[in-house]
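Number of protein chains: 2
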Amino acid sequence: MSILLVAQRRDMKPFRDAILNVDPNIDIEIWPNSTNPGRVQFAVAWHHPQQIWKSYPNLKVISSLGAGVDHLLKDSSIPEHVQLTRVVVPSLADQMSDYVLTAVLNIIRNSEIYRDQQQESIWKNQPAHLKDELTVGVMGMGELGSTTAKRLYSNGFTVNGWAQSRKELDGISTFTAGNLGEFLNQSNILVNLLPLTPQTEGILDLDLFKELKKPAFIINVARGKHLIEEDLVYALDKELITHAVLDVFSTEPLPESHPFWGRKKITITPHIASVTDPDEVAVLLVENYKRALSGMELLNEVNRKRGY
Amino acid sequence: MSILLVAQRRDMKPFRDAILNVDPNIDIEIWPNSTNPGRVQFAVAWHHPQQIWKSYPNLKVISSLGAGVDHLLKDSSIPEHVQLTRVVVPSLADQMSDYVLTAVLNIIRNSEIYRDQQQESIWKNQPAHLKDELTVGVMGMGELGSTTAKRLYSNGFTVNGWAQSRKELDGISTFTAGNLGEFLNQSNILVNLLPLTPQTEGILDLDLFKELKKPAFIINVARGKHLIEEDLVYALDKELITHAVLDVFSTEPLPESHPFWGRKKITITPHIASVTDPDEVAVLLVENYKRALSGMELLNEVNRKRGY
Chain A
0 MSILLVAQRR
10 DMKPFRDAIL
20 NVDPNIDIEI
30 WPNSTNPGRV
40 QFAVAWHHPQ
50 QIWKSYPNLK
60 VISSLGAGVD
70 HLLKDSSIPE
80 HVQLTRVVVP
90 SLADQMSDYV
100 LTAVLNIIRN
110 SEIYRDQQQE
120 SIWKNQPAHL
130 KDELTVGVMG
140 MGELGSTTAK
150 RLYSNGFTVN
160 GWAQSRKELD
170 GISTFTAGNL
180 GEFLNQSNIL
190 VNLLPLTPQT
200 EGILDLDLFK
210 ELKKPAFIIN
220 VARGKHLIEE
230 DLVYALDKEL
240 ITHAVLDVFS
250 TEPLPESHPF
260 WGRKKITITP
270 HIASVTDPDE
280 VAVLLVENYK
290 RALSGMELLN
300 EVNRKRGY
Chain B
0 MSILLVAQRR
10 DMKPFRDAIL
20 NVDPNIDIEI
30 WPNSTNPGRV
40 QFAVAWHHPQ
50 QIWKSYPNLK
60 VISSLGAGVD
70 HLLKDSSIPE
80 HVQLTRVVVP
90 SLADQMSDYV
100 LTAVLNIIRN
110 SEIYRDQQQE
120 SIWKNQPAHL
130 KDELTVGVMG
140 MGELGSTTAK
150 RLYSNGFTVN
160 GWAQSRKELD
170 GISTFTAGNL
180 GEFLNQSNIL
190 VNLLPLTPQT
200 EGILDLDLFK
210 ELKKPAFIIN
220 VARGKHLIEE
230 DLVYALDKEL
240 ITHAVLDVFS
250 TEPLPESHPF
260 WGRKKITITP
270 HIASVTDPDE
280 VAVLLVENYK
290 RALSGMELLN
300 EVNRKRGY
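Chains A and B are the protein sequences, given in the same order.
The first sequence begins at 0 in numbering that gives the first Met the number 0 and counts up by one.
The second sequence begins at 0 in numbering that gives the first Met the number 0 and counts up by one.
Take the hints with a grain of salt, since some may be wrong.
Same chains, same label: a pair holds when it works inside one copy or across any pair of copies.
[To be verified] Derived DSS-like pairs (lysine-lysine); straight-line CA-CA distance at most 27 Å:
#1 Lys264 x Lys123
#2 Lys289 x Lys53
#3 Lys130 x Lys149
#4 Lys12 x Lys130
#5 Lys123 x Lys263
#6 Lys209 x Lys224
#7 Lys123 x Lys224
#8 Lys224 x Lys212
#9 Lys213 x Lys130
#10 Lys73 x Lys53
#11 Lys73 x Lys224
Don't read these hints as lab results, they were simulated from the structure.
Fair warning: this is a prediction, and the values are worked out from it, not measured in the lab.
Given only the sequences and the hints, what does the whole structure look like? Please build it.
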């Protein structure tokens, strides 16, 4: 039996080495160099090429290499009986909450404006936003969203949370699906940490921007396809949105000709908010591989209907 | 009896209004328009012109408008019998810890590098510094230093503290005056929150930079004169220091021709890390004014010999 590692635009060797560190007896193949596809029962995938699965007749489980599984769910060639799982490790949530906290602090402390001033040797005080003046609204209250909301709250921010089902978190006002408008009306800094599903695709659009409390800011750290990019440009031009911090984009890498690059009101990072650590992930992958072989219940199994 | 407000390059009217909000019966004069100097017993000063005090024969107390009192201590024309106090309000320490936390997070998450990349439309991952790889060293463990150290620790950072006298803070390793070298050898990101005294002036020099654990970073949020500016430029050029975040400068406003402006390895903000809120400060000023009139012990009195 063996594990198959499949990715495009990502070197999987560090993951192979990390898995072998956990258990040197595991057989691992890295796509496309699999010599014995019939032995593959467990695959680890990140932006895999579609339609490859028919070469692996004994595949039982595909694990995403991250918390997101939209890249798996959109591949209709994955047989129904194959179970899907994802990787939820503490450091992913910790990194994500660091990234969001950094972005929120830079917003309230006018970091981007001071940086622009520095380029022109301008010494000028810009009134900071007070913490109790701006409310942060976190969309998506899974592992990443909850951890991020708690981090913001413990740093003195007023935080709203929005999720499909009701969540109880100390100090955080939570809203459910039916109360999206109310949530938006009471949130200035919107942090998107939703899973990408047919229901959430394109959710960050002009209608949503209009509903946000002003001044309004967008932090998108989930998936590029949550955002209607033209709507953001329009909203920035119309000053409906003051600034946006984006780590994810509809097309990645963001094309050199993309209009986002040159905009001062957009901060761009290259999908680095939360980066999977091979050593940490390997422990979880090996655990789930052994569970799969022995027929035990998997950790972090994905509900295909729900979409995460 | 009356309060005198004295400042250069700062509008004191908001402070007068805030004091009158607390107690509308207090007489207040704003320098240089004092009509009855003989009635002034309490002065509030921020970068006052020296030698003005002889016009106020009945002055008993001078309060700094901030936490720093170096601008008062360097004025030898203040009579010995005049008591000095300073303003220590919770929001100053909270703002300061926000500023430092923002700077530290931006350092570990490579924010400046990503910003430079954005200007050239470059999509490139830069390995983030792990939190357990870089230790933050806070110099100065007064109100601002302790609050900042605690904020960093509660956000998952490893924190060292250095102070004249031993401080006990949960989770933070503290060093005293005699162990400066040891403190520096174990700190990567140096946060300066010392008071400015003859002993600490110029403390951030090449010798200190050499002692820091590498990679090394400097965050100066105390006073410009703590830093030997030429030494910092040399240390950045020699890569002894990777990046510096500076909120205070030897000359403020920082002159347009100053070499710091154009350096990518220096982040400049215009002395905004911690800004006094008139309403919050007024309560404390009025309290101390009334204590002064009735001969009670003052809050936050300054020990001139110690320098803070």
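Checked hints:
| no. | hint | result |
| --- | --- | --- |
| 1 | Lys264 x Lys123 | both (19 Å within a copy, 20 Å between copies) |
| 2 | Lys289 x Lys53 | within (23 Å within a copy, 84 Å between copies) |
| 3 | Lys130 x Lys149 | both (15 Å within a copy, 19 Å between copies) |
| 4 | Lys12 x Lys130 | between (44 Å within a copy, 25 Å between copies) |
| 5 | Lys123 x Lys263 | both (18 Å within a copy, 19 Å between copies) |
| 6 | Lys209 x Lys224 | within (19 Å within a copy, 48 Å between copies) |
| 7 | Lys123 x Lys224 | between (38 Å within a copy, 21 Å between copies) |
| 8 | Lys224 x Lys212 | within (23 Å within a copy, 43 Å between copies) |
| 9 | Lys213 x Lys130 | within (14 Å within a copy, 34 Å between copies) |
| 10 | Lys73 x Lys53 | within (16 Å within a copy, 81 Å between copies) |
| 11 | Lys73 x Lys224 | within (13 Å within a copy, 60 Å between copies) |
Hint compliance for this structure: no hint is broken.
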